[in-house]
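Participant: As given, the protein sequences belong to chains A, B and C, one line each in that order.
Once you know that position 227 of the first sequence is 227 in the numbering used here, the rest is easy, because the numbers rise by one and skip nothing.
Once you know that position 285 of the second sequence is 285 in the numbering used here, the rest is easy, because the numbers rise by one and skip nothing.
Once you know that position 13 of the third sequence is 13 in the numbering used here, the rest is easy, because the numbers rise by one and skip nothing.
Because the hints were derived from the structure by calculation, they are not lab data.
Glycine included, each C-beta is placed from N, C-alpha and C at the ideal position.
Watch out, some of these pointers could steer you wrong.
Stated by the list, open to error - A short, non-exhaustive set of chain B residues, derived as facing chain C with CB atoms under 7 angstroms:
1) Leu-38
2) Arg-41
3) Val-42
4) Pro-44
5) Val-46
6) Ala-47
7) Lys-65
8) Glu-66
9) Glu-227
10) Thr-229
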Amino acid sequence: MIGLIKSTFGDKVQIQLGQLGAAAITVNNGLHRDVLKTMLAADGKTGITAITGLDLGATIGVYYHIHTSDVFVTIKTEVRKENPKTQTIVDLHPGAAFHELEVADLLGVVFEGHPTPGHFVLSENWPQGVYPLRKDVKVNEIKNVPTPASETIKLPENERLVKIIIGPQHPALLEPEKFAVTVDGETVTKVEPRIGYVHRGIEKASESRGYLQDVYLMERICGICNSCHAYGFVGAVEKILKTQVPPRAEYLRVIALELNRLHSHLLTLGHAGLEIGYETLFQYFWRDREPIMDLIELTSGNRVYSSLITIGGVRRDLKNTDIPKIKTTLKELRAKLPFYRQIYENEPTLKLRMKNVGVLSKQDAINLSVVGPVARGSGYDVDVRKDEPYSAYGEIPFKEIVYTTGDTWARMNVRLDEVEESINIIEYAVDHIPSGPFRLELPRSVPAGEAVHRLEAPRGELFYYVRSNGTDMPDRVKVRTPTFANIPSFLKTAIGESIADIPANFVSLDPCFSCTDR
Amino acid sequence: MIDFLMLTFRILIFPGFAFLLLLTLFCDWMERKIEARLQNRVGPMVAGPGGILQPLADFIKLLTKEDITPRAAKKTIFKFAPLVAFTIMIFALCFIPIDGASVLSANGFSGDLIIILSFATITSFLLFLAGWASCNPYGTIGSARVLTQFLGYDIPLFLIALTPAFIAGSLQIANIALFQSTHLWPFIILAPWAFVLFIITMQAELEKDPFDVPHSESELVGGLETEFTGAKLAFLHLTRDVQVVFGSALVVELFLGGPYGPVFFGASWFWFTLWFVLKLLVVVTISEYITVVFARFRIDQVLSGNWRILLPAALLSLMFTVALVTWVYHPLGV
Amino acid sequence: MTDTKTWARIKSPWVLHFNSGACNGCDIEIVALLTPKYDVERFGVKLEPSPRHADVLLVTGCVTQQCAERLKAIYDQMPQPKFVVAIGACACSGGVFEGNYNVVGGVDKVIPVTAYIPGCPPRPEAILDGVVKLLNALNPPKPKKQPKQAELPKEKTKPEAVEAQAAQGIVEEEKQVAK
């Protein structure tokens with residue numbers, strides 16, 4: 001792929017191999033569309049992972065992070081600050097819509113040709129011209145934004161259609177977010193999301209805290225996939241520092257990440273039960289989740305925020321006396337899985353609510369660049385642990401779970417099977433953990449540089465971009481969370497289905513809005 | 001004079017208002033405990049021994065809350081519908097023989113089965129009005145769902161209720177119950193298909209899982225109850241609990257032989273009441289068990305299930321029972 | 001009658017949970033209260049969907065700008081007597097996000113708070129402990145003995161005195177509301 005780009009564009013691109021993925025391709029503004037067109041034509045599985053916007057002083061950098069079936073590259077472009085205009089790529093790849101909206105909102109870049117411009121993460125009455133992620137905007141100056149009243153709702157043009165607002169306070173949704181659903185009778189015709197209720201300005205805050213403090217800050221983006229966020233940040237920083245952590249630390253990190261995945265999947269499986277009115281299933285799944293929380297507390301000292309992963313390794317070692325307890329708990333959990341499998345196979349009311357609901361075809365999944373169990377439930381086999389192994393995953397054997405039907409039932413089954421795979425991984429890691437140090441002492445100041453790191457969080461691919469300028473505080477941290485990539489698929493799958501299917505459909509993509517809004 | 005005092009006692013204390021109220025609260029507690037136990041939990045424990053005063057605490061607490069009426073609501077219906085619904089439901093319960101005779105008149109009158117089923121329909125209609133009068137989008141959708149579900153399932157309910165009436169040859173509840181005790185076999189054995197269908201239809205009428213749609217929190221916030229607070233909410237909840245007792249009492253009377261059972265010693269009214277309560281608790285347990293074990297259907301699945309499956313099944317059940325009675329039971333002298 | 005009222009209120013607290021911009025940690029621990037290991041239904045606590053039905057509002061999150069108005073609206077919709085519990089370090093004071101743009105920082109900047117439960121996130125046992133303490137504070141305080149003329153009362157700095165004063169304040173507020 002890189003060779004193809006080099007040969008097609010010759011001098012108009014500058015390619016640095018091994019930077020920001022397999023290669024960083026610097027082009028002039030405007031040429032990025034042609035490069036992307038070439039890549040899309042060459043490989044049908046090309047998709048956008050993220051679009052990073054960053055303030056480079058006189059210009060604003062717009063970096064397109066693109067994944068294909070075999071490489072991960074970054075296309076770097078810049079726009080001038082006085083006239084930050086560039087062309088959209090939404091017509092080429094629909095999955096880029098949200099990413100462009102976010103860069104436009106937080107940095108003020110205008111994407112010409114975007115179909116639905118407007119505020120995305122910030123509120124409607126945000127002051128004009130104040131772009132939080134620009135360096136000249138200080139945090140204390142923008143704190144006096146008046147709290148917005150309720151947003152005006154545009155009524156649908158056709159009088160027969162009714163617009164129903166779901167959220168921000170709704171018993172089905174654990175987090176505040178708003179969906180304006182336009183229905184015709186009971187059938188959904190359009191879904192318009194409004195996110196940003198959980199936007200806490202974390203990316204801006206990370207620029208005024210040290211690297212070690214940022215590990216704790218990044219962890220608190222989401223309470224459920226916290227270890228993954230910590231690891232994403234730490235992995236990118238270690239790439240800038242060009243260090244290799246000790247092998248024992250890698251294995252301990254794998255154990256922490258997989259325990260995280262276990263508790264998250266059990267949480268979702270139980271929550272799905274709650275959404276379809278199956279309270280008993282919810283109680284049973286969460287009852288079986290509690291021993292995993294005990295394991296997380298055993299290995300790290302805290303139930304939810306384990307904070308185990310830190311720059312240079314892990315914070316605590318695993319005692320040999322803890323290993324039997326880990327193994328017994330996992331054995332007990334494994335013994336319970338056939339019961340749940342049998343429910344998913346045979347329970348008639350559950351199958352009625354979940355089968356053929358929210359069907360996402362494989363081509364749609366590829367076009368919208370969905371990730372995680374949502375993609376794997378539709379036959380699109382992306383899994384960063386297999387595609388680009390990180391940490392100790394390259395040495396640990398496990399299966400990638402793929403189902404092909406693409407409905408809610410398939411997605412939940414992917415998660416159920418991944419529970420078993422996670423148990424396998426942890427048991428293997430615990431048995432084969434090498435001895436040695438578990439942490440390196442690293443300097444507080446990080447040399448100038450930039451790096452990306454991708455990992456497979458429970459909900460899908462989590463992407464981190466970190467740029468440092470040589471001081472002890474990062475210059476820019478960009479996070480692209482899996483739910484951010486998956487929401488467009490919900491907007492598509494809900495159309496044409498009954499409004500009563502929305503809770504089940506929605507919970508099957510395992511939304512986490514605190515991740516999305518940051 | 002004595003008769004008048006006796007009647008007042010029967011209406012107000014036993015087996016009338018006070019007894020029915022206590023029975024309702026007790027059944028509510030039982031439902032919560034069964035649900036908790038099946039979910040591997042314990043349920044209410046702190047209010048009174050074993051949590052038995054929990055429904056009473058809920059009721060009193062709701063009575064002491066501030067009463068809010070939204071400005072846009074239709075005031076009269078909003079204020080009075082819960083209380084009227086509760087009254088009608090308790091009134092319907094008064095026709096059911098509990099201690100060998102019903103509260104109001106000793107043996108009822110011919111056709112009172114139909115009358116009390118109509119009372120149940122009126123109550124549901126009042127609940128629909130209550131939700132509609134609250135002028136809240138969730139209340140309106142919730143109450144519309146209550147209406148569609150209830151009206152739809154009313155038809156099979158009447159048909160299946162006619163089955164034991166046909167076997168007993170009477171539309172009087174007391175006679176149906178008495179028939180079962182004088183003729184050896186309760187109708188659960190003579191017409192088990194009707195029993196199963198009746199239990200399923202009752203689940204739908206009472207809006208319990210898997211027919212829980214009008215109360216589905218994940219879609220409708222509070223359903224028709226969304227805007228109600230304080231005393232009105234207390235009576236809405238109480239109406240729902242009385243409906244559960246009513247439905248279970250119907251099952252007891254129509255299929256399990258009513259309050260009649262062996263009298264070992266002493267006053268017959270004591271033993272009849274005891275048998276009635278025991279049979280009622282068995283039915284409540286079965287109903288709650290079904291609630292806990294299943295997920296919730298979608299509204300269109302509920303409605304299509306009614307018209308496509310339950311209604312034909314109810315018709316078939318009635319026809320089959322008629323044939324069975326005419327050509328098998330009567331010649332056998334059952 | 002006051003005793004029965006207070007008894008009913010203590011034994012039957014219905015809660016409404018609102019997430020005003022939290023990371024989900026505290027919310028998951030609140031939902032975990034309903035599960036078999038902690039089983040909060042023992043105390044009569046029910047999770048209610050509508051603000052009109054609830055007595056206690058459990059708020060998590062550092063209150064983002066967009067959520068502030070909604071939090072106020074939900075609080076206003078609840079009928080008296082009502083209590084607010086701020087769960088987690090973020091709800092108490094903004095937590096680790098204090099100072100960020102888009103963050104108001106602390107629930108008590110928007111609505112009055114009755115109880116604070118710190119932690120990041122607080123364990124389910126801690127949340128339960130906080131809710132039970134809040135309920136027990138509703139009990140009217142035991143009457144204080146009048147000191148004799150010769151004795152000067154010592155300065156009470158024990159926590160029971162503080163709790164008793166808080167309870168007194170709540171009971172007086174209720175009396176005013178009931179009027």
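Participant: Now look at each hint and say whether the structure bears it out.
Facilitator: Evaluated hints:
Proximity of Leu-38 (chain B) to chain C is violated relative to the hint, the smallest CB-CB distance being about 11 angstroms (cut-off 7 angstroms). For Arg-41 (chain B), the suggested interface contact is upheld, since its CB lies about 4 angstroms from the closest CB of chain C, less than 7 angstroms. Hint on Val-42 (chain B) holds. Least Cβ distance to chain C is approximately 5 angstroms, under the 7 angstroms limit. About 6 angstroms separates the beta-carbon of Pro-44 (chain B) from the nearest beta-carbon of chain C, less than 7 angstroms, and the hint is met.
Because the beta carbon of Val-46 (chain B) sits about 5 angstroms from the nearest beta carbon in chain C, less than 7 angstroms, this interface hint is met. Interface hint status for Ala-47 (chain B): upheld, as the beta-carbon distance to the closest one in chain C is roughly 4 angstroms, under 7 angstroms. At a threshold of 7 angstroms, the smallest CB-CB gap from Lys-65 (chain B) to chain C is about 5 angstroms, leaving the interface hint in force. Against a cut-off of 7 angstroms between C-beta atoms, the interface hint on Glu-66 (chain B) holds, since the closest Cβ of chain C lies about 4 angstroms away.
Look at Glu-227 (chain B): its Cβ gets to within about 6 angstroms of chain C, closer than 7 angstroms, so that hint holds up. Look at Thr-229 (chain B): its Cβ gets to within about 4 angstroms of chain C, closer than 7 angstroms, so that hint holds up.
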